[in-house]
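Visitor: With the hints as extra help, turn the sequences into a complete structure.
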Amino acid sequence: MTEQKINLAITQDERQPLLDRRLITATCTTESTTPSKALLRKALAKAAGAPQDLVVIRSVHTSYGTNQALITACVYEKKESLQQIELAHLQKRNQKEEPKQEQTQEKTEEKAEQAESKDQGGEETAQGEDSAASDAKTE
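Under numbering that gives the first Met the number 0, the first residue of the sequence shown carries the number 0, and numbering increases by one thereafter.
Possibly wrong hints are sitting among the right ones.
[As the list claims (entries may be wrong)] The calculated DMTMM-like cross-link candidates involving lysine to aspartate or glutamate, where the alpha carbons are at most 20 angstroms apart (straight line), are:
1. Lys41 <-> Glu30
2. Lys4 <-> Asp19
3. Lys91 <-> Glu112
4. Lys78 <-> Asp19
5. Lys77 <-> Asp19
6. Lys36 <-> Asp52
7. Lys77 <-> Glu13
8. Lys91 <-> Glu79
9. Lys41 <-> Glu76
10. Lys45 <-> Glu76
11. Lys91 <-> Asp52
12. Lys4 <-> Glu30
13. Lys45 <-> Glu13
14. Lys36 <-> Glu112
15. Lys78 <-> Glu30
16. Lys77 <-> Glu30
17. Lys78 <-> Glu112
18. Lys36 <-> Glu85
19. Lys41 <-> Asp12
20. Lys77 <-> Asp52
21. Lys41 <-> Glu112
To be clear, the hints were calculated from the coordinates, so they are not data collected in a lab.
Guide: Here it is as structure tokens:
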């Protein structure tokens with residue numbers, strides 16, 4: 000899949016020192032569909048000069064029939080502040096895209112390990128049944 004060209008312009012950048020964050024409002028213009036939150040997070044982090052894991056996209060609003068979106072996001076100064084202040088469902092929603100790739104790799108590894116253990120376990124039980132059957136015959 001090719002990456003979309005995103006034109007991002009920060010329209011408002013309000014510092015909130017008590018919450019240890021910046022509230023950013025931006026407009027995004029694209030050539031086609033509205034980009035995913037992961038792509039918007041990446042572009043917004045680059046534009047704001049902040050690490051991507053400290054950016055939380057709050058909302059993305061697109062008007063019908065246009066290729067412009069209004070984005071509201073928070074950029075935190077510290078990871079601890081983000082975890083204390085930001086709502087849990089927004090934290091999950093903004094972290095959702097990246098772990099999927101890692102999880103699929105872990106799942107395939109787990110499935111391979113389970114298949115190996117079943118093969119090994121199946122042989123052991125079959126041998127155990129054979130020995131139990133031979134013990135029964137000798138009695």
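Visitor: Taken at face value, is the distance from the CA of Asp19 to the CA of Lys4 at most 20 angstroms?
Guide: violated (31 angstroms)
Visitor: Does the alpha-carbon distance linking Lys78 and Glu30 stay inside the 20 angstroms limit?
Guide: Given that 20 angstroms is the threshold and the Cα spacing comes to 33 angstroms, the pair is violated.
Visitor: Between Lys78 and Asp19, does the CA-CA distance stay at or below 20 angstroms?
Guide: Given pair Lys78, Asp19 holds - Cα atoms ~10 angstroms apart, limit 20 angstroms.
Visitor: Checking one constraint from the list: CA of Lys77 to CA of Glu30, max 20 angstroms. Satisfied?
Guide: violated (34 angstroms)
Visitor: Quick one, are Lys4 and Glu30 close enough, alpha carbons at most 20 angstroms?
Guide: holds (7 angstroms)
Visitor: Going straight from one Cα to the other, do Lys77 and Glu13 come out at no more than 20 angstroms?
Guide: holds (17 angstroms)
Visitor: Would you check the hint for Lys41 and Asp12, treating anything up to 20 angstroms between C-alpha atoms as holding?
Guide: Roughly 17 angstroms between the alpha carbons, so the hint for Lys41 and Asp12 holds.
Visitor: Verify the proposed pairing of Lys77 with Asp19, using a straight-line Cα cut of 20 angstroms.
Guide: holds (8 angstroms)
Visitor: Is the Cα-Cα distance between Lys91 and Glu79 20 angstroms or less?
Guide: Since the Cα atoms of Lys91 and Glu79 sit roughly 15 angstroms apart, the hinted pair holds (cutoff 20 angstroms).
Visitor: Does Glu76 sit within 20 angstroms of Lys45, going by the straight-line distance between their CA atoms?
Guide: This hinted pair holds, its Cα atoms lying about 15 angstroms apart.
Visitor: Taken at face value, is the distance from the CA of Asp52 to the CA of Lys77 at most 20 angstroms?
Guide: Since the Cα atoms of Lys77 and Asp52 sit roughly 10 angstroms apart, the hinted pair holds (cutoff 20 angstroms).
Visitor: Is it true that the CA of Lys36 sits at most 20 angstroms from the CA of Glu85?
Guide: holds (17 angstroms)
Hints 2, 3, 14, 15, 16, 17, 21, counting from the list given before, are not met by this structure.
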